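Trainee: Starting from the two chains in their separate frames, assemble the complex, guided by the hints.
Residue numbers (the numbering used here), protein chains in the order written: chain F, 12 to 245; chain H, 161 to 429.
In short, the hints are calculated from the structure, not lab data.
Check before you lean on any hint, since a few could be wrong.
Stated by the list, open to error - Rough simulated footprint, nothing fancy, chain H against chain F, three-plus residues with beta-carbon under 8 Å:
#1 87–97
#2 145–154
Unchecked claim - Residues from chain F that face chain H, not an exhaustive set, calculated with beta carbons under 10 Å:
#3 A34
#4 A37
#5 P58
#6 T180
#7 R182
Please read all numbers here as calculations on a predicted model, not as lab measurements.
Idealized CB from N, CA, C, for every residue including glycine.
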Amino acid sequence: MSEQIFELKGNLFTLSVLHLFSADTALLSKQLDEKIAQAPKFFAGAPIVINLSDVQDEALDFSFLKSMLSGLSLNPVGVCNGSQEQNEIAKAAGLSVLNYSQDVKGATAKQQTNTSIVEKTVHLPAQVIHGTVRSGQQVYAKDRDLIVIGAVSHGAEVISDGNVHIYGTLRGRAIAGAKGYNEANIFCQKLEAELVSINGSYWISDSLQGEHWGSAVQIQQKNDSLEISALVKG
Amino acid sequence: MAKVIVVTSGKGGVGKTTSSAAIGTGLALKGFKTVIIDFDIGLRNLDLIMGCERRVVYDFVNVINGESNLNQALIKDKRVDKLYILPASQTRDKDALTRDGVERVLNELKKDFDYIVCDSPAGIEAGAMMAMYFADEAIVTTNPEVSSVRDSDRILGILHSKSKRAEEGLESVKEHLLLTRYNPERVEKGEMLSVEDVQEILAIKLLGVIPESQAVLSASNSGQPVILDSESDAGQAYTDAINRLLGETVDFRFLDVEKKGLFKRIFGG
Ligand SMILES: Nc1ncnc2c1ncn2[C@@H]1O[C@H](COP(=O)(O)OP(=O)(O)O)[C@@H](O)[C@H]1O
Ligand SMILES: [Mg+2]
Chain F
12 MSEQIFELKG
22 NLFTLSVLHL
32 FSADTALLSK
42 QLDEKIAQAP
52 KFFAGAPIVI
62 NLSDVQDEAL
72 DFSFLKSMLS
82 GLSLNPVGVC
92 NGSQEQNEIA
102 KAAGLSVLNY
112 SQDVKGATAK
122 QQTNTSIVEK
132 TVHLPAQVIH
142 GTVRSGQQVY
152 AKDRDLIVIG
162 AVSHGAEVIS
172 DGNVHIYGTL
182 RGRAIAGAKG
192 YNEANIFCQK
202 LEAELVSING
212 SYWISDSLQG
222 EHWGSAVQIQ
232 QKNDSLEISA
242 LVKG
Chain H
161 MAKVIVVTSG
171 KGGVGKTTSS
181 AAIGTGLALK
191 GFKTVIIDFD
201 IGLRNLDLIM
211 GCERRVVYDF
221 VNVINGESNL
231 NQALIKDKRV
241 DKLYILPASQ
251 TRDKDALTRD
261 GVERVLNELK
271 KDFDYIVCDS
281 PAGIEAGAMM
291 AMYFADEAIV
301 TTNPEVSSVR
311 DSDRILGILH
321 SKSKRAEEGL
331 ESVKEHLLLT
341 RYNPERVEKG
351 EMLSVEDVQE
361 ILAIKLLGVI
371 PESQAVLSAS
381 NSGQPVILDS
391 ESDAGQAYTD
401 AINRLLGETV
411 DFRFLDVEKK
421 GLFKRIFGG
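Bound-form chain H, shown alone (with noise of 0.2 Å):
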């Protein structure tokens, strides 16, 4: 049966379209048939990320309005087999996303797919709304930082609330923690909110703690999900996250400040 997770978060820029594309990835290279689906109608930067904006054809809007089947508009990933993308819309508005049309293109994906990730846009509006209503899991992504946290636990609320899982009185949408950009050493400063704060507040169990890395914004400046650079920090966060999400367990790493070597001190690290 298959799944539909969303990445989400309330506020922008912390890391969800950065996430979507390393856990999609992550999970077709465990071998689930996996599709990412951006639903930032009119931003539209999941396709670069995943470096297949060039091959944009058709994209999600015109698969709901019937201006294109899905096997027209799905990209297929050069890199990964069983790996696909769905793109958004660079030029239609928002309210291009209706609730029965969604909704009829996952039930169509389902028939084919193992997991569904859709990207949401940030915000409480309608886009981001209709990217977590029909989730059967959530990824909630929060940096470390006090206005994440509490639009986070909003976006938690909303889920218990207003999910089709919610409305229709069945088990409650899955919620896991994601928390992205970390940097133990501000951390440790008292700049920013400790994992074990997060924790407190949000009280949801931690699928990951993704490091603040230089690692992200080369992989994305390439067009390469960062989950395919296996040598990085990062890389190998989102791959032990993806193997908690598929129920193994695994400890947690670089949560702490790296203890610099004499080389690393006088050259720089």
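In isolation and in its complexed conformation, chain F is listed as follows (with noise of 0.2 Å):
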């Protein structure tokens, strides 16, 4: 007998909520296509659970939502808060049917008729790391800031959504803003990176040895590419 080459476990993983409070898909659509438009990295591909809660009594077309929410390259995975009926057809449509239990009625929702999403900035602390990151390791803050007090050593590296800190030499190579967000920063002591990316722009040492090799710097992304500045100024 060959040995068995999966494993099969629960998880828990964050996904988007989409939470309707009418079900006018057009006016939903445009909205929508103005919202992903400020932040379309954020949401790219992102896997969205629609909330039912407040048009549970509605006609809803599935199939034509799920296209919709496609066609924004967003990633309708199932609902929530359905109906019977609702559910049933989400089904057909290839929606997962999740169980939702917080928000269940959004008493004070009902009263708004245009769609809208709710947004919260959820802040998460940062990641601390002490003491050096060795040749080989790896550390990925996901959703938060990292900071490192101490160096990251050649053949080392550090991600992070938000913004990468290092009290120490970066030999190795640091990444911020992994997941798409522009306004992300590195910071550190000594400027000796392998490689440097913020939100998908990246640099590598050959491009990094000009005058502020060796120093303490911030890296941001400025117009798609990277821009290194003095961290002490004067």
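Mentor: Written out as structure tokens, the structure is:
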């Protein structure tokens, strides 16, 4: 008998929830399009669950809704808080029916007539690493800033969805705004990096070896390129 | 309580076996009952450097496999009281070391010894992992060159994340930097990294700086750990390192280019 080549287990994932206050799909399409235009990379391919708690009595065309969301490069994966009937139609359209206990009836939201996306900025504390990140190690601060109190060695990689702060020498690779965030920064006390990257723009060591090599810097994204400036001015 | 010290590096040929022999012998000279274990299965050269290769009957793998008991395999050093060697096998392959087997042997040794010095093979494969997994302290042996420093950095990362102490969330493995084959002339010429360069990158406490020395070659050719050559620069540098390991503060020697006298300049030194 051959060895089992997989493992099946439960896990928790963060999904975005699209809470509908109206069944007007045309208006929804327009408003969503505007919203996404503000931060396209953030939403690109994002798995979305549609919360139906405020439109349980409405007739919704899930196939249409699904293709409309896909067209906006979102990835609809399921529905929650729908009526029995809606759940059946959603399933037939290839969506999962998910259990969701919170916000079952948005009492105040009911009064709103047009569709809107409720966006919450969830603040996660930075991840702090005490000591050197060594060659061969990788640290990923998901959805938060990363602070390294020490150096990042050659062959080490530090990644953050927010900013990267290094209180030491950056000799390895640093990646900020990894999921797409153009205001992310990389700060380090001494720049000797193999690679720096922000929101998809990157520079390798060769391009970094200018006036700021070996000094304390801030690296930002400007006009789809990177800009390095001295951290201590004057 | 017995201490397990691994002598490790990542890179080969940097002086791990030379250092294991010197440090093990140095600890025994200080009166601690010490065993040096050769983890380099298949290569076996600790016994050569210790000059006991003709006395090997049973080895580490025999003990793990239950083919001999510890007392049959341990070789007592003829020069230094309280010093023992557990040799590696020349004939087995590296997979002969199992984690359970190694742990069993270490636990048995701990009952009887003060220090257990593990001479690690090169690389970051199973054999090297096995040598460092159970360590309480690590002596990271490094040459003053870029590739050696990078490999040592890698090893420090592994000690931090994959040792038994790391996995069980205990106090982390105590790390020491041992800079070996240090050649002040080549450092001065910029051909080698300086002590400061290496320390800045690795950021761990410096245990010793062993100069590149003819005495090491003569010592290993005659099967004698270099620390027993108390006249030699390398022997003295290892003794200094032992004293630091035992908590003393000792000034560093042999860091600068020796000013050659007229005699040496004419006849070479
Ligand atoms: N301080 C030193 N000066 C000169 N040669 C040295 C020194 N230390 C080690 N060597 C030599 O380097 C070679 C490799 O040493 P060894 O201890 O076997 O390294 P490893 O165990 O790390 O592979 C040997 O030939 C040894 O004699
Ligand atoms: Mg060796």
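Trainee: Compare the structure with each hint and give your call.
Mentor: Verification of the supplied hints:
1. By the rule of at least three residues with a Cβ nearer than 8 Å to a Cβ of chain H, the coverage given for the region 87–97 of chain F is violated, with 0 such residues.
2. Closer than 8 Å: that is the beta-carbon criterion, and the region 145–154 of chain F has 4 residues meeting it against chain H, so the requirement of 3 holds.
3. About 52 Å separates the beta-carbon of F:A34 from the nearest beta-carbon of chain H, more than 10 Å, and the hint is not met.
4. Using the Cβ-Cβ criterion of 10 Å, the hint placing F:A37 at the interface with chain H is not satisfied: the shortest such distance is roughly 54 Å.
5. The closest approach between the C-beta of F:P58 and any C-beta of chain H is roughly 31 Å, which is over the 10 Å cut-off, so the hint fails.
6. Because the smallest distance between the Cβ of F:T180 and any Cβ of chain H comes to about 8 Å, under 10 Å, the interface hint for this residue holds.
7. With 10 Å as the threshold, the beta carbon of F:R182 comes within range of chain H, its nearest partner Cβ sitting at about 8 Å, so the hint holds.
Violated hints, listed in ascending order, are 1, 3, 4, 5; each of the other numbered hints is respected by the structure.
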